[in-house]
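**Student:** Chains as they are written, first to last, in the working numbering: chain S, 1 to 472; chain W, 1001 to 1472; chain L, 2001 to 2472; chain B, 3001 to 3472.
For the record, the hints were derived by calculation from the structure and aren't laboratory data. Don't take every hint at face value.
Straight-line Cα separation of at most 20 Å, SDA-like style, residue types lysine to any residue; simulated pairs [as the list claims (entries may be wrong)]: (1) S:K220 with W:S1215; (2) S:K161 with S:E176; (3) L:K2203 with B:I3225.
Number of protein chains: 4
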Amino acid sequence: MATKQEVNGNGKEGLFGSALQNLRSAWREIVRVSRKSDTPDISNPENLRAQIEACLEKKGGDVSARHRAAELARAYLAFPPAKRLAFLRVLSSEYGADADLIAGAVAGLDAATSAEEVETARYRLRQALEPARLNLLREFNTLQSGPRFLVQLRKDLIDFKKEHPELGPLERDLRELLRSWFDIGFLEMQSITWNSPASLLEKLGRYEAVHRVRSWLDLKNRLDIDRRCFAFFHPCMREEPLIFIEVALVKGLAVQIQELLDEKAEVLESDEADTAIFYSISNAQKGLVGISFGNFLIKQVVAKLRQELPNLKRFATLSPLPGFARWLARELEVENVSLRPGELKKFKALGLEESPLQLLAQVAQSGKWARDASVCEALKPVLLRLCADYLLNAKRKGGAKAADPVAHFHLTNGARVEQINWMGDTSGKGMQESAGLMVNYLYRLDRIDRFHEDYQSRGKINASKSVKGLLD
Amino acid sequence: MATKQEVNGNGKEGLFGSALQNLRSAWREIVRVSRKSDTPDISNPENLRAQIEACLEKKGGDVSARHRAAELARAYLAFPPAKRLAFLRVLSSEYGADADLIAGAVAGLDAATSAEEVETARYRLRQALEPARLNLLREFNTLQSGPRFLVQLRKDLIDFKKEHPELGPLERDLRELLRSWFDIGFLEMQSITWNSPASLLEKLGRYEAVHRVRSWLDLKNRLDIDRRCFAFFHPCMREEPLIFIEVALVKGLAVQIQELLDEKAEVLESDEADTAIFYSISNAQKGLVGISFGNFLIKQVVAKLRQELPNLKRFATLSPLPGFARWLARELEVENVSLRPGELKKFKALGLEESPLQLLAQVAQSGKWARDASVCEALKPVLLRLCADYLLNAKRKGGAKAADPVAHFHLTNGARVEQINWMGDTSGKGMQESAGLMVNYLYRLDRIDRFHEDYQSRGKINASKSVKGLLD
Amino acid sequence: MATKQEVNGNGKEGLFGSALQNLRSAWREIVRVSRKSDTPDISNPENLRAQIEACLEKKGGDVSARHRAAELARAYLAFPPAKRLAFLRVLSSEYGADADLIAGAVAGLDAATSAEEVETARYRLRQALEPARLNLLREFNTLQSGPRFLVQLRKDLIDFKKEHPELGPLERDLRELLRSWFDIGFLEMQSITWNSPASLLEKLGRYEAVHRVRSWLDLKNRLDIDRRCFAFFHPCMREEPLIFIEVALVKGLAVQIQELLDEKAEVLESDEADTAIFYSISNAQKGLVGISFGNFLIKQVVAKLRQELPNLKRFATLSPLPGFARWLARELEVENVSLRPGELKKFKALGLEESPLQLLAQVAQSGKWARDASVCEALKPVLLRLCADYLLNAKRKGGAKAADPVAHFHLTNGARVEQINWMGDTSGKGMQESAGLMVNYLYRLDRIDRFHEDYQSRGKINASKSVKGLLD
Amino acid sequence: MATKQEVNGNGKEGLFGSALQNLRSAWREIVRVSRKSDTPDISNPENLRAQIEACLEKKGGDVSARHRAAELARAYLAFPPAKRLAFLRVLSSEYGADADLIAGAVAGLDAATSAEEVETARYRLRQALEPARLNLLREFNTLQSGPRFLVQLRKDLIDFKKEHPELGPLERDLRELLRSWFDIGFLEMQSITWNSPASLLEKLGRYEAVHRVRSWLDLKNRLDIDRRCFAFFHPCMREEPLIFIEVALVKGLAVQIQELLDEKAEVLESDEADTAIFYSISNAQKGLVGISFGNFLIKQVVAKLRQELPNLKRFATLSPLPGFARWLARELEVENVSLRPGELKKFKALGLEESPLQLLAQVAQSGKWARDASVCEALKPVLLRLCADYLLNAKRKGGAKAADPVAHFHLTNGARVEQINWMGDTSGKGMQESAGLMVNYLYRLDRIDRFHEDYQSRGKINASKSVKGLLD
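Make a model of the complete structure from these sequences and hints.
**Tutor:** So this is what it looks like as structure tokens:
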């Protein structure tokens, strides 16, 4: 019996519940399938190995193997972190491929001459290289909540791996398996509305990573008639969104996130909107890190909205610049920032005592600089210019990719940098990370392919005249 | 364009939204069907009559009549109260039956001799007595949200009728129509869970009339794995519950409502429960007042739970005594209350200065008496005895029915009075109205028919030995 | 235990099963609710009356009353025709309204003076006139398959009534009840496709009344991508269509029914069609005779098709003339038919020995005349002219309504007579009843209201120039 | 535009339609996604290669790649067999893995020393061995009907491969991909009833491989209240069953298939049955050959039936012996068959002229021997004994597996040989292949694991005493 506190978490997390859940409720089917009283204690490594081997050898047939997998999963879920780690280490280090088999297959490949022989030898080598542990992972998948269990397992692996690199092989195998099973072709896009299950909306509230959901009323507002929300689901894990995107239907480009999230703002009839603003996109499953869905989701949403609302003329984002303040700090550090004469003049005219560079250093460090109206006025042209510089010129170490991760995502998708918005996000996080700036990326449907190619093959970043003009 | 404030209400109502809603969103289909620009202004009585008559005569055929009804409904919904009232008065006073037709049909009945002639004449008289306005109400029903509109109309009528008895005929006609259409045979019972639509759960929070829902977490707790919730729906009004009941699955009789509603209490696996406690039943639609569903709902829920959870051995309520404090005040006023020797002795032993009757008068007036432990100790046996007296002997004015409305409901259903619980509801409302007492009514499946007959035909109230013993 | 033969019928009916069904399977819920072993034999009139009265008095409460109704229904369904008749006679003759109550209420109405008193007195009289049997019918409705049972009951009543007019009162009461409950506002239109349940398609095959379904392949063809089928359902009787319509998507007006039903004809992509042809509309429930849905169905289908297929420019029927041959026979009998000079000349030119009137008499009697090409050639202009005369001028006895029932239906809906098609239906039935002719009625959306009014209020029949021209 | 004949097939196939389908209807989504007019002609190998490479390089991004895959799929589906073959050969022979990459990775593996290095090197080698064509196959899967297209592709490959072994590599890659994607954990078991979509039942009729479905009435009978049918579906290919099983609910073991399929036989209420007979199990997708689902299906069905119908005490099959007559012929050929004295005596007593061995040879060759009652009487004990011998002793060449494929399937599942039924299948096929015999395999739930192990690890075939007794 679990107390509600475990289930609902304490006050701070209470709004949308914490991640802690009653084992019996959450993994009901695994518990049901594994109901056997005589299972040996799996936290003992010998018993663990015996159970894994019986499962892999399918003693007693397929159904028995499934029971054994359920028992392993159940034990794992009930384990505290230390025992989970021990379990995963056994799996990662002991159930690899067979060295002799591999050696034989390599020899076979060497000996092959005809094209056909080569193909067959390669296939055999590939088979020989399959680690035994893959079969155990597949066995878990035969459980009803198997896919969810494996996603949970990978989440644990990612967390443990930082300090336990020996889990690498297992994590890699699981990633490849999940990549295959969560193939984009199997995912279903669903519209999420205020009529969706409360349990699903609760998860949205918990997983939203860009602009925190403050209350159920905030959530309801994001699902009003001038809003849309879409998510990808896997057909075998319908209760868990993989990724979701929030859209506002507005007139003209939206420039300020707080306005969009204002629960008391006016409601627009959706057929009066001319612009769809993607203002939040969140991955919901840490266990699927490295398997990307966002590019497909955004394009399917555009297609769906165009069909549903033919009055929409423009598709754009309202995005944060999560790396801007950090980049600015580094630039200042290496003394790579200088002010233009016009900018300097403004500082003097406003009688600011501190030097512009000192002020910029404050911007780079905290969000508190904006309280002084003169400071804001003086900094505005400088920050807009530096932001344009950041977006159009800053690249990742040793590469042609945009330094800003959000920029990189949308540019890869074929969007262009359209507009930088002063005081676009005045929340604590927005001031801190992005100096209060937000940017619109524009998706022009007739250019997506070309812009994608520009960026992908040549690192060229397309931008509007107005943004490029900030650099002149 | 409506502001969000209108839609969501102010802070106090904000948790589950207010009843105010954007006309366009809420009655989307009525607005769609009625899209005609040349409709005359219906707030002008002449135009109103012309529109009603065109609708009743079905000028242009059935579909045109439906359009006209939609225009009337749309105008009505957009009206402020005064105009709504004017509209309803025209309908109630002018569109009755035809006096000549009735007179002719009465004459026909007088003249009829054979059984067959009599039957036919009666049928004709019934037809002649049908007011014309009934046809307009039926026309509204052809709209997709017609049933919901009519329920809204009746709600308005009930509100207006207190001061405008001339609306009586219309209200009566509408009640009969709704009674026929919301026949129990058409209703569907559905289980409501945390996976139900958030929009529906929001309504539950708004409509709960017995124990106020304080937050979404409170709501979630009422839908946990050791709780159940069921509601009746009409198939043509699926988004609106008509009535719903909340059930707790527990071990033994539940005696304290705050324990049931405690979000941090332990969770019970539902198959470990031996008792189902019905702790709240709320009608959701004021517009359906006088059309009873509760008796059917409670019995269908018992049948469903028995099937789903064969371990359940007992079905009982945990109910308030909403009339107890009021009854006690009256009894004191007419000096109908006296204390027994043993009871008096206890007061003295505890050294209470105030007289017992003064203390009882406090109980009848406010919920604040319970802060003093001695007072509680002294009052407990007195209040339990008086409560048993109230439940078993107090009758409604001039009748054989139990004075307490909740008691009357469950006794009519064939339950018996099982147990009175001291400090069963320590909320403000519970202390105020029920002196903190709650009562369990027990549904013994093998006795329901007999107990129903006992009460229905002879006014006999069945009770357990322990409750009857309180009176000895 | 029933044999399959009962269930599936013999060879002739076998394709779509017969109406006979295993009692236990078909009315499973009624059987379940009524499971009591001590029910007395209801075929004994005394027991029947006792059971009816116990049910009406709700002895033991609502749920007991429902059980009693279930027992009555179960017994009724198991009865052979003679016992069913006896049951219905008791109900029709004994459970009427109370004469004294009526007399009192009539007196009350006489005594009423104020408008309010009159309204109340009328209401009371209406209540007094309600026969007791209505409550029993309502009690049946509380059963899950109650609505279906009542429709079955009315079917029986209609069949029995021809020879037993004393069943009239019961049949009338039931009709009014069903009319209220099957109000158009409660019905749901659904699209029926080859993906619909086989059990539903089987019913379509059985109920199709215009052009008999010959095989499952024929049925599949009627649901192909260039066909549509829509039906109305009551939400409490989802497994039974009330009425359905079959639509062909074509280029230009369809003029020949056999072409439409040809399983080997070419398939058209639905967005290439410019015309929707309604070629069959069938009522499925004899028990709902006199409660009309067709006019609403046809207009909802038009609305739905326009939305789904914007390329559609024309909505028309391809309809039989079920009364034409019969009308022609009568006209010949009363010597009301004469040939025009041009027509007579053609007969001579083709060297036909028989006189034109003799040939017409053959046409009116059987479908075999069309084998001789010369006869066809000579008769064509005569029959087309007479058909136009029949459609535009023949009226029902003593009225302004079109004599042809199908014409009356579509004209009331606001359609016009568009085109008469020679050899439009060469099936046995088509040749026999309609002399092989078929007619297109055209639904012009911008004229429907006006044409409806023309016909409804003045009996004016609108027709195309080409049809009117046939009479010149 | 396709003619219906293409769609529905000719008379012989007509009952459940042929496999030929209108391209546009069947692959609607592929056609929609690929709507581009400027696609080059892919039947030209140069264009084909250009298109494949553009797709693999994801020129223009993910969405463009999907379009290109759709164009390839569309072209492929429209191709005649010869062009399809050419397409597949290019794919199979040209888009393998990179030889240099493999060589490098093999060298890397040789050089690896630590366990971690070895694991990483193995992983890299596995990646290097992945043929490029796998990515194209994955790209097809991003299409909505992608999974179905790939299953179709594999079907073609299997057909072509017999004469074109060079397609082996592609067929193997596709098989592995499908094996991963059609993992048992992703499949959903559904119950199929007479309320299932007609389009699905039509497929059942077409795919049933054991006892041919003769008519829709036959099909309806197999879905009656004393029958059950279950199928596995992939969530991304819901309209296509992968495998299905037909079950009869009976009293006692069913011994005769014609009785089960008799449409006029008595119907049993399902809760009166004590035995579930699995009388047909059919794989529906040739493109999934080699990926087994049957063992899981049969066990899930047992679990489901036990829960739904607790009265069921026995789970068994009624199975053909598809290899018996062929085995008998071979045994006779190698003179491995001799009669026992008692058997010989019976032949003489019945005055049969032909020698027993000649008669057996007839049995082995055709199903016509059974017309003579004396022959039957004489052969019965001999054939039963030989059949027991066949089931218990005949092994596949060089192995421990049962020679009969159906026996092998059920024995692997943990069933035992329970009973051999004389004249169990008197159809042409049954007489021909199985000498009219059928066998019941019994699934004893408490022995399944042990029997599976017996057979799997030691080749031991469990059988009832009565079957073993036939050999004494």
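**Student:** Hints first: check each against the structure and report whether it holds.
**Tutor:** For each hint, the structure was consulted:
Distance hint between K220 (chain S) and S1215 (chain W) is fulfilled; the C-alpha atoms sit about 15 Å from each other, no more than 20 Å. Between K161 (chain S) and E176 (chain S), the direct Cα distance comes to roughly 16 Å. Compliance with the 20 Å bound is thereby established for this hinted pair. For a cut-off of 20 Å, the pair hint linking K2203 (chain L) to I3225 (chain B) stands: about 18 Å separates their Cα positions.
Violated hints are absent here; each numbered hint is respected by the structure.
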